[in-house]
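Chemist: Could you put together the complete structure from these sequences and hints?
There are 2 protein chains.
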Amino acid sequence: MIQIGDSASLSKTFTEKDVLAFAEISGDQNPVHLDADFAASTPFKKQLVHGMLTAGLISAVLGMKLPGPGSIYLKQELNFKAPVFFGDTITATVTVTKAREDKPIVTLKTVCTNQDEVVVIEGEAVLLIQR
Amino acid sequence: MIQIGDSASLSKTFTEKDVLAFAEISGDQNPVHLDADFAASTPFKKQLVHGMLTAGLISAVLGMKLPGPGSIYLKQELNFKAPVFFGDTITATVTVTKAREDKPIVTLKTVCTNQDEVVVIEGEAVLLIQR
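Quick note, the sequences are listed as chains A and B, same order. Reminder that position 50 of the first sequence reads as 50 in the numbering used here, one-by-one numbering, no gaps. Reminder that position 114 of the second sequence reads as 114 in the numbering used here, one-by-one numbering, no gaps.
Please note: incorrect hints may appear among the correct ones.
Each computed DSSO-like pair below joins lysine-lysine, with the alpha-carbon atoms no more than 27 Å apart [claimed, not checked]:
| no. | chain 1 | residue 1 | chain 2 | residue 2 |
| --- | --- | --- | --- | --- |
| 1 | B | K109 | A | K75 |
| 2 | B | K103 | A | K17 |
| 3 | B | K45 | B | K65 |
| 4 | B | K81 | A | K103 |
For the record, the hints were derived by calculation from the structure and aren't laboratory data.
Modeler: So this is what it looks like as structure tokens:
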């Protein structure tokens, strides 16, 4: 039984290989991700991991741990607070904030931090769960 | 110069291969995506394309077309309205709803539809753009 305050995390180090694979399957070839020379001209100076790829780690902890297998996304809000660079180790943590009694629907706070404990994404997810 | 009402689209057919690649790079191995037998026991009966993979097409149209190369995500809200199955052709359309004059920041409505013109994702994006 899922309870308010339940929490789970998952960590992953994002590599250039991951970024190239995501660019391929999503079609997002934005040079801020793929082109070192272009990236050097941006405020962040270095190539960025796609925000939606980093957000995939939130999807992973939701789908694998809490609420876990069988859960289906209804909503995800993503606030991108800081850049993610190649080689950064990101930890996605999800915490249950609401569990409806009338329907199998839960709301979770979703936060991604890097290896320096800087918040890179914060937001909220709503999922339909298996009972 | 980006103006309110500007719009762009991108389409892609999502395959099982895309889903397997996204499961690999994100770590999201939820059986609703990967296991046909498990999926048969869910309300949708068939394996689903990851919501965050479908949302990658929004990232692609934002990063490639409008606002285009160099733009960086500040926020994305995703409301998952209908399932995406293997073989579905999704069109992501983004439309500028707000362009700040004081800062290089734009807001866009983001909608994904399938080949039957059913809305599968709707939401809003905020991006920092290159000027």
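Chemist: Can you name, in rising order, the numbers of the hints this structure does not satisfy?
Modeler: Failing hints, ascending: 2, 3.
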